[in-house]
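Student: Here's the letter readout for the chains.
Number of protein chains: 2
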Amino acid sequence: MRIAVDGMGGDNAPREIVKGCVEVSKLISDEIIIVGDKTQIQNELRKYRYNKKQIKIVHAPEVIKNEDAPVRAVRTKVESSLVKGINLVKDKEADLLISAGNTGAIMAGGLFILGRIQGIDRPAIAATYPVMGRRGVSLLVDAGANVECKPNNLLEFATMGSIYMQKVLDIERPTVGLVNIGTEENKGTTVVRAAYELLEKSSLNFIGNIEAREIPKGVCDVLVCDGFVGNIILKMTEGLAWNLLKLIKSEFLSDALSKLGALLLSGKLKELRDLFDYSEYGGAPILGVKGALVKMHGSSNANAVKNTILKGIPYAENNVVQMIQDSVLELEEVIISD
Amino acid sequence: MRIAVDGMGGDNAPREIVKGCVEVSKLISDEIIIVGDKTQIQNELRKYRYNKKQIKIVHAPEVIKNEDAPVRAVRTKVESSLVKGINLVKDKEADLLISAGNTGAIMAGGLFILGRIQGIDRPAIAATYPVMGRRGVSLLVDAGANVECKPNNLLEFATMGSIYMQKVLDIERPTVGLVNIGTEENKGTTVVRAAYELLEKSSLNFIGNIEAREIPKGVCDVLVCDGFVGNIILKMTEGLAWNLLKLIKSEFLSDALSKLGALLLSGKLKELRDLFDYSEYGGAPILGVKGALVKMHGSSNANAVKNTILKGIPYAENNVVQMIQDSVLELEEVIISD
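Protein sequence lines correspond, in order, to chains A and B. 76 is the number of the first residue of the first sequence in the numbering used here; add one for each residue after it. 76 is the number of the first residue of the second sequence in the numbering used here; add one for each residue after it.
No wet-lab data here; the hints were simulated from the structure. Any given hint could be a false lead.
One copy or two, either will do: identical chains are not told apart, so a pair holds if it fits within one copy or between any two.
Only pairs whose alpha carbons sit at most 25 Å apart, straight line, appear in this in silico DMTMM-like list of lysine to aspartate or glutamate [unchecked claim]:
id	residue 1	residue 2
1	152	392
2	140	286
3	122	313
4	276	112
5	292	86
6	324	168
7	386	106
Full structure from sequences and hints, please.
Tutor: So, in structure tokens, the structure goes:
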């Protein structure tokens, strides 16, 4: 397995990206290709002891920034670390690319360089969402790529998400829930109601509508919604968890007795913080493009890079892309019979 | 001021509803009219000492249940506590109705019995959302009444919400934020982008797009979104807060040292629970109908009833309905000039 990593994408690049690559290289035997400015990457690598045969550099003099317009950036910055990285996947010189860079550009790069899987109308970002249930995570599709969706897009998201959870997290028949404002099948918008019907007719393990209040409990393996709602769910969780923990901290330090209590609980508080720490989770695969492409949170640190690579390996290894391709015929039958 | 209360609506009716009415009657001099089954209400009232001149009963033999289809229920159960209560407002025999019953039926009752304010296309549910900022709450409009919206509906929600916050919470020029997936003005769906333009042209104190991660911080007074997104925000908050507190509790009781810590912090933990306790907040007014109608959470207890009545008084007293009526002309100018 050859894993390409965008060395220049994200708030902490290249420092934390390189550090994460070195850390993970001690756990795996796969080849790691860091794409980015050769001098900068080398300067970072020099800080560590690592196997020079395992970690390689592909030079890319340009960088796509967060403020760059995605489509334009992908078209014009052909020497950027992101575009060169995606091209490695396209040219079969890498089995996987991981990037913490501009989300829109990762998506645009996937679409223009790798291309959509034939029969998939809309590729989607699939985010691993931390939940309190038995598995620890649900997969949220779409997490922000498609703000406006048709019913068949939601069916596609469900199908691709199920394949991912089956192949990467080894879940036999992943349960699929449709994010909605009530459990009854006539709830929601026209699009959501039509998607409900398609999901019910599909061969997926569809368990019905899921209200947002149930999401943190981990009631299903795949959570299906449009990218607008997916973004709201992810960012609400992030905002609420951090604010709550901040509040807890300030409350707990407000008097001497509470301080003592907080001291006794400090280990537990740290565990709680970790539960909502993005860096513990395995990034967000772009499902529906012809190649394995995984987006990390922009603020990813070395630990996030390490975990994303570890989760990315079974994704690339298990032919998820091919399986999505194979599922397209069945999808079309469900949609046409509607 | 005469305050009507639906004595039969909600999971804890009539027990907690009647208890809340008795509790609040000791704090205010206004008349309270409990609408519901006379025998049941009297049996509850008998448990307390109260001023018989202040608390009255209007008999209503029927009850609209949560599982009843809203429109049908309002049309056919004319002797229900909800329908009779709304009619009291319509006939000017009460200045306000409060109900913890079937949300759809409250909305349908508002539309069919009181009617829309002329020029308001879509009435909305406005929920007081607990935030960590200076004011303690933001008003979320729409919290679930309209799952599909046009841009002008979002402008209406913003206008009605601003008037409510100004009149009821005494905020000079309430800030208005549009819930979106990014801060840039070109973000979001077609509808949200068009609503952005309308809001910018209006005389409201519009501060731009708000990402979901900022919502818990209390970055603005009025949060505008469609009812689908509003429902997701409210229920995510509820689910996440409760799950997090449950998790904290179980973590903190896992060993002896942590138990001691948790004991020292028990007062603080209770304060945190209260922060997300719906019963501390003032219910959700149905804005845009011709009368003051306030929906409470279905699981409301006596404390919630008390607080909703206390917040409902300035709502009915300050002519919010009339002010919304007066704002309609300005709304039309913004929409037509678009």
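Student: Look at each hint and say if it fits the structure.
Tutor: A quick look at each hint next to the structure:
In this assembly of identical chains, residue 152 and residue 392 lie within 25 Å of each other by CA distance neither inside one copy nor across copies; the values are 30 Å within and 62 Å between. For a Cα distance limit of 25 Å, the shortest separation of residue 140 from residue 286 across copies, 20 Å, qualifies, whereas the shortest one inside one copy, 36 Å, does not. In the homo-oligomer, the alpha carbons of residue 122 and residue 313 never lie at most 25 Å apart, since the shortest distance is 33 Å inside one protomer and 46 Å across protomers. Neither within a single protomer nor between protomers do residue 276 and residue 112 lie at most 25 Å apart by alpha-carbon distance, with minima of 50 Å and 46 Å respectively.
Proximity of residue 292 and residue 86 under a CA criterion of 25 Å is satisfied inter-copy only: 23 Å between copies versus 31 Å inside one chain copy. In this homomeric assembly, residue 324 and residue 168 never come within 25 Å of each other (Cα to Cα): the closest approach is 48 Å inside a single copy and 50 Å across copies. Proximity of residue 386 to residue 106 under the C-alpha cut-off of 25 Å is restricted to the intra-copy arrangement: shortest distance 15 Å within a copy versus 64 Å between copies.
Hint violations for this structure: numbers 1, 3, 4, 6, all remaining hints satisfied.
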